[in-house]
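K.L.:
Sequence:
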Amino acid sequence: MRRITLSQWLAIVAVLGGLVIEFFAVPAVVRDPAHDAAWAGAVLGVALPVFGVAVSAFRDDPSDVDDDFRPPMRLDRLAEGALAVTAFTAAWAVTRLHHKPLDSALYSAVIASALPLASRALDRLARRRGEQADGADD
Numbered sequence: 015m016r017r018i019t020l021s022q023w024l025a026i027v028a029v030l031g032g033l034v035i036e037f038f039a040v041p042a043v044v045r046d047p048a049h050d051a052a053w054a055g056a057v058l059g060v061a062l063p064v065f066g067v068a069v070s071a072f073r074d075d076p077s078d079v080d081d082d083f084r085p086p087m088r089l090d091r092l093a094e095g096a097l098a099v100t101a102f103t104a105a106w107a108v109t110r111l112h113h114k115p116l117d118s119a120l121y122s123a124v125i126a127s128a129l130p131l132a133s134r135a136l137d138r139l140a141r142r143r144g145e146q147a148d149g150a151d152d
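No gaps in the numbering here: position 38 of the sequence shown is 52 in the numbering used here, and each next residue is one more.
None of these hints come from the bench; they were simulated from the model.
Don't take each hint at face value.
[As the list claims (entries may be wrong)] Simulated DEER-style distance windows between Cβ atoms: (1) His-113 to Gly-31: 39 to 47 Å; (2) Asp-46 to Tyr-121: 22 to 30 Å; (3) Asp-90 to Phe-38: 25 to 33 Å; (4) Asp-90 to Leu-120: 25 to 33 Å; (5) His-113 to Val-44: 18 to 26 Å; (6) Pro-47 to Ile-125: 40 to 48 Å; (7) Arg-17 to Leu-139: 28 to 36 Å; (8) Val-124 to His-49: 15 to 23 Å; (9) Gly-144 to Leu-20: 21 to 29 Å; (10) Pro-115 to Gln-146: 44 to 52 Å; (11) Thr-19 to Val-124: 15 to 23 Å; (12) Arg-134 to Phe-37: 18 to 26 Å; (13) Lys-114 to Arg-45: 17 to 25 Å.
As the structure is a computational prediction, the values presented were derived from the model and not from experiment.
Glycine is no exception: its CB is placed at the ideal position from the N, C-alpha and C atoms.
Kindly produce the complete structure, drawing on both the sequences and the hints.
P.N.:
This is the structure:
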């Protein structure tokens, strides 16, 4: 019997979470098509499972099969894009559901969607510093 890996658990939770969100968002959109938080919830219900499925393709332990396994670049970008959309729509929906003004929702959404970009920039910086440290040892 195969064990379920961490990335597969993440995918299962993301898909189920997306279904639950859609269960509540779609009737809210049908009830009031002008409600922007309901639309954000509908988009979130799609983006969350896309992120989960994209992440499930990553290996939890790269030493399992290949020493230099890297996910395809398209898949990496898909996961980052889905994470950005998830963060943006979640911040938008939560802020608007608490009846905050539209500008507060926009600021929150922009900040939340910038977090994956900041993480990516920090990863690149750490990689460069690691390469510089390796080069200094020679």
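K.L.:
Next step is simple, just say for each hint if it's right about the structure.
P.N.:
Results for each hint:
no.	hint	in the structure
1	His-113 to Gly-31: 39 to 47 Å	violated (24 Å)
2	Asp-46 to Tyr-121: 22 to 30 Å	holds (24 Å)
3	Asp-90 to Phe-38: 25 to 33 Å	holds (31 Å)
4	Asp-90 to Leu-120: 25 to 33 Å	holds (28 Å)
5	His-113 to Val-44: 18 to 26 Å	holds (21 Å)
6	Pro-47 to Ile-125: 40 to 48 Å	violated (28 Å)
7	Arg-17 to Leu-139: 28 to 36 Å	holds (35 Å)
8	Val-124 to His-49: 15 to 23 Å	holds (21 Å)
9	Gly-144 to Leu-20: 21 to 29 Å	holds (24 Å)
10	Pro-115 to Gln-146: 44 to 52 Å	holds (46 Å)
11	Thr-19 to Val-124: 15 to 23 Å	violated (34 Å)
12	Arg-134 to Phe-37: 18 to 26 Å	violated (32 Å)
13	Lys-114 to Arg-45: 17 to 25 Å	holds (21 Å)
Violated hints for the displayed structure, listed by number in ascending order: 1, 6, 11, 12.
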